[in-house]
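Asks: With the hints as extra help, turn the sequences into a complete structure.
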Amino acid sequence: MILRATSVVMAILAIALLYMGAQLVAAGGSPAYSIIALVLLATAVLLFLKKKSALTLYAVLMWGILIWIVYEVGFDKWQWIPRGDLFALLGLWLALPWVVRPLYQAQAPSEARRFHPVLGGTVGVMMVIVVGVMFYDPYPIEGTINKQSMSGDPTAPSNDWVAYGGNNNGQRFSSLNQINAGNVKKLSVAWEYHTGDLRDAATDASEYTFEATPLKVNNRVYLCTAHNEVHALNPQTGKLDWKYAPEKNRSYLQQHQTCRGVSYYSAAAPADGQSVDTSVAPPSDPVQCEKRIITATADAKLIALDADTGNACNDFGDRGVVDLTANLGKIRPHAYMQTAAPLVAGDLVIVGGSVMDNGYDDGNPSGVIRAYNAVTGQLVWNFDAANPEKTQPIAADQSYPHDTPVAWGTLSADVKNGLVYVPFGNASPDELGTRRDPNSNVEKFRDTLVALDLNTGAFKWKFQTSNNDLWDRDNPSQPTLMELGKGADKQPALLLPTKVGNIFVLNRLTGKPIVPVDEVKVSTQRGVPNEPLAATQPVSRLNFIPEALTEKSMWGMTPFDQMSCRISYNKLRYDGNPWTPSTEKGSLIFPGNIGAFNWGSVAVDPDRQILIGAPVRLAYKYNLIKRTAQNEDQRLFTEDGTPYWNENFKGDYAIHIQQFASGLGVPCIAPPWGRMVGVDLSTGKTEWMRRVGTSKNLKTSFLPGRFPVALPMGMVAHGGPLVTAGGVVFHGATADNFFRAYDIDTGELLWEIELPAGGQATPSTYMGDDGKQYVVISAGGHGSLGTTLGDSVIAFRLD
Numbered sequence: 000m001i002l003r004a005t006s007v008v009m010a011i012l013a014i015a016l017l018y019m020g021a022q023l024v025a026a027g028g029s030p031a032y033s034i035i036a037l038v039l040l041a042t043a044v045l046l047f048l049k050k051k052s053a054l055t056l057y058a059v060l061m062w063g064i065l066i067w068i069v070y071e072v073g074f075d076k077w078q079w080i081p082r083g084d085l086f087a088l089l090g091l092w093l094a095l096p097w098v099v100r101p102l103y104q105a106q107a108p109s110e111a112r113r114f115h116p117v118l119g120g121t122v123g124v125m126m127v128i129v130v131g132v133m134f135y136d137p138y139p140i141e142g143t144i145n146k147q148s149m150s151g152d153p154t155a156p157s158n159d160w161v162a163y164g165g166n167n168n169g170q171r172f173s174s175l176n177q178i179n180a181g182n183v184k185k186l187s188v189a190w191e192y193h194t195g196d197l198r199d200a201a202t203d204a205s206e207y208t209f210e211a212t213p214l215k216v217n218n219r220v221y222l223c224t225a226h227n228e229v230h231a232l233n234p235q236t237g238k239l240d241w242k243y244a245p246e247k248n249r250s251y252l253q254q255h256q257t258c259r260g261v262s263y264y265s266a267a268a269p270a271d272g273q274s275v276d277t278s279v280a281p282p283s284d285p286v287q288c289e290k291r292i293i294t295a296t297a298d299a300k301l302i303a304l305d306a307d308t309g310n311a312c313n314d315f316g317d318r319g320v321v322d323l324t325a326n327l328g329k330i331r332p333h334a335y336m337q338t339a340a341p342l343v344a345g346d347l348v349i350v351g352g353s354v355m356d357n358g359y360d361d362g363n364p365s366g367v368i369r370a371y372n373a374v375t376g377q378l379v380w381n382f383d384a385a386n387p388e389k390t391q392p393i394a395a396d397q398s399y400p401h402d403t404p405v406a407w408g409t410l411s412a413d414v415k416n417g418l419v420y421v422p423f424g425n426a427s428p429d430e431l432g433t434r435r436d437p438n439s440n441v442e443k444f445r446d447t448l449v450a451l452d453l454n455t456g457a458f459k460w461k462f463q464t465s466n467n468d469l470w471d472r473d474n475p476s477q478p479t480l481m482e483l484g485k486g487a488d489k490q491p492a493l494l495l496p497t498k499v500g501n502i503f504v505l506n507r508l509t510g511k512p513i514v515p516v517d518e519v520k521v522s523t524q525r526g527v528p529n530e531p532l533a534a535t536q537p538v539s540r541l542n543f544i545p546e547a548l549t550e551k552s553m554w555g556m557t558p559f560d561q562m563s564c565r566i567s568y569n570k571l572r573y574d575g576n577p578w579t580p581s582t583e584k585g586s587l588i589f590p591g592n593i594g595a596f597n598w599g600s601v602a603v604d605p606d607r608q609i610l611i612g613a614p615v616r617l618a619y620k621y622n623l624i625k626r627t628a629q630n631e632d633q634r635l636f637t638e639d640g641t642p643y644w645n646e647n648f649k650g651d652y653a654i655h656i657q658q659f660a661s662g663l664g665v666p667c668i669a670p671p672w673g674r675m676v677g678v679d680l681s682t683g684k685t686e687w688m689r690r691v692g693t694s695k696n697l698k699t700s701f702l703p704g705r706f707p708v709a710l711p712m713g714m715v716a717h718g719g720p721l722v723t724a725g726g727v728v729f730h731g732a733t734a735d736n737f738f739r740a741y742d743i744d745t746g747e748l749l750w751e752i753e754l755p756a757g758g759q760a761t762p763s764t765y766m767g768d769d770g771k772q773y774v775v776i777s778a779g780g781h782g783s784l785g786t787t788l789g790d791s792v793i794a795f796r797l798d
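Each residue of the sequence shown is one higher than the last, beginning at 0 in numbering that gives the first Met the number 0.
Treat each hint with caution, since some may be false.
[As the list claims (entries may be wrong)] Below, computed lysine-lysine pairings styled on DSS-like, alpha-carbon distance capped at 27 Å:
(1) K459 with K485
(2) K461 with K520
(3) K649 with K620
(4) K443 with K461
(5) K520 with K620
(6) K242 with K443
(7) K520 with K184
(8) K520 with K489
(9) K146 with K184
(10) K551 with K695
(11) K485 with K520
(12) K76 with K695
[What the hints assert, rightly or not] Using C-beta positions, here's what the derived DEER-type ranges look like:
(13) G142 with T509: 25 to 35 Å
(14) K50 with S783: 48 to 58 Å
(15) G486 with S398: 47 to 57 Å
(16) P515 with A457: 25 to 35 Å
(17) K649 with P512: 58 to 68 Å
(18) I66 with A15: 16 to 26 Å
(19) K649 with I14: 48 to 58 Å
(20) P437 with K389: 13 to 23 Å
(21) G486 with T582: 31 to 41 Å
(22) S439 with D768: 24 to 34 Å
(23) I14 with N438: 56 to 66 Å
These are calculated hints, taken from the structure and not from any lab test.
By construction, the Cβ of each residue, glycine as well, lies at the ideal position given by its N, Cα and C atoms.
Replies: Here it is as structure tokens:
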């Protein structure tokens, strides 16, 4: 009975494998699974006939599979799983006594043998091999950064955390060292605060995310929630001091419902300690609230609150509010929003903006950069990519041109040299170039880092990070400013991580590369008619552009979903580089629009000149959908009823973007999907690289709950690292709800704790009045990543 049942099950598996294997071969893929299926079917037939040669044949098959696995993927244990797990379990079952004994007895009834030497020996040897492989990981780069102080950078924040990136340099570094690599394992929770601002699944956006980096200044911790509430807490206890809670504007059409941070301004002493041109300084009349929290909202308002009370600063704009939709013309609902912390530099508040991806004409507003007086809210200057020379404040009855490049990330400023750095992204539409005019100013500023005069907004220099962007390769990361080198070789540097994986290192006064940049030739075969393609793309010699994919790179939990991924890989257009154009039949884009780097940017120790980053490895499918006269204004929906977002109303094509994943919902490319890297910036060498994050708490389609086991595969991370002078890297962000500390010199994991919700935020650190160093992170989850949602803000300190 067992033999018959086993043979039937094996035959069914073999037929299913043969069916999918034939599809794979027809798509131009490997014949390996078809061959395996035929041998498996032959084994099933022999087993049904009660021939003990079935066990010998299966042993041969197992050795063949092992040789094939090593040929394709070496000794990467994670890539062994889909290729070998099912066949290993079958081999183990066939080697058990209740299968072996009936086969021997079928030919010699008195035979009581329970062990087949060929198959049993094969299974035993392979178990030993698998155990050995479990202790080997070919992926990490093991190394140590042995560096002493180089620059003695005096600008790093110490006791406070006064701006989104620590200060306007965007370094995400603190000179505090009470918590260090030797004692960080003694960290424990000092306090936990609940904002009470939770997602309403019936009315809120699916991309509802708690990504705020808390400030610590004015003896309070300040943060914002996804609905733009502002909370002021006691730094030592987490007790609420005051809260600003605007009316919640809930809508599933809000593409990004988030607030990544607030900013601080003091009329007596601006947060960065310096002032700018006196022509834009505060008026001589008494200031209503000397210390201010400045916040920008998802419904496009710029708000000034008294930092001590939370009351509106009525001398700012209209009773504390500046309407950022002014002069933008007609705007579709929810098409313009603010998600980043405003930049406070000297006596100016400078904001960019975020727009809904992919719209035409009356769909999306300008990406104008505007500077406001921090006290009065008066517009001081504006920089619009369509008219870069017109920086004087726009007239009240005029509108900025629509569909110009936007800067939705946080800006940086070099106040000493009077420069503000704007990481412009794409202009709408993001992934289609059929109507672009290569001679327009808009094209000249797509995906361009721009340096502007801090006082006037006048253009200084620009550096283009992507040519004719067709992939949503905007610049989401805050630029990082530092002094690079030492002695006579020291240069004022700027580092800009990009979605494709470049880290451009430029002289921040001139825009000239410090680390060389190469123009690399890419494919010029169009994805759709009349779409121009750039012949080259810029590649920095310091980059984390992921290696090109092959069919062997495909992954899955079983042979079946791996074959499905292999079939898709062979059917999608993929040119072997990140610049494959989109097509109607579908293209594979790697990395996808989440990027290698995103808004979390990188962290640097400016003193030792070390960079820490967490580049992501995820591929996406891009499908263009032809727009016609009948559907040019229609909203398009996915099968589950959610909007595509990338709709290109009145355009030539809409676009559907989805992660390249198997039917079980796991990525089609093999892990790691998230990494952490340590770079010696004085040499440009990556000294260490490690997987970051585990599989625990993953939301999957094949389990009713979340994955319970913490497999150290390397998970996608959305959020940035924090570096301290104590030699510690703090990082949440991964899709497993954990908060971790690493040794900056080696990347070794030193400490971790499971958070109550996803920590998709960048942490900050400060010194309390009690003489204790605190590390604080927002833990509220990320709607698109599927991490656990919540409303916690948690601070840690040493026991």
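Asks: It remains to establish, for every hint, whether it holds in the given structure.
Replies: Going down the list of hints, with the structure as the test:
no. : hint                       : in the structure
1   : K459 with K485             : holds, 26 Å
2   : K461 with K520             : holds, 22 Å
3   : K649 with K620             : holds, 23 Å
4   : K443 with K461             : holds, 9 Å
5   : K520 with K620             : holds, 23 Å
6   : K242 with K443             : violated, 43 Å
7   : K520 with K184             : violated, 48 Å
8   : K520 with K489             : violated, 32 Å
9   : K146 with K184             : holds, 23 Å
10  : K551 with K695             : holds, 26 Å
11  : K485 with K520             : violated, 35 Å
12  : K76 with K695              : holds, 18 Å
13  : G142 with T509: 25 to 35 Å : holds, 32 Å
14  : K50 with S783: 48 to 58 Å  : holds, 54 Å
15  : G486 with S398: 47 to 57 Å : holds, 51 Å
16  : P515 with A457: 25 to 35 Å : holds, 29 Å
17  : K649 with P512: 58 to 68 Å : violated, 39 Å
18  : I66 with A15: 16 to 26 Å   : holds, 23 Å
19  : K649 with I14: 48 to 58 Å  : holds, 50 Å
20  : P437 with K389: 13 to 23 Å : holds, 22 Å
21  : G486 with T582: 31 to 41 Å : violated, 53 Å
22  : S439 with D768: 24 to 34 Å : violated, 55 Å
23  : I14 with N438: 56 to 66 Å  : holds, 60 Å
Checked against the numbered hints given earlier, the structure breaks hints 6, 7, 8, 11, 17, 21, 22 and satisfies all the rest.
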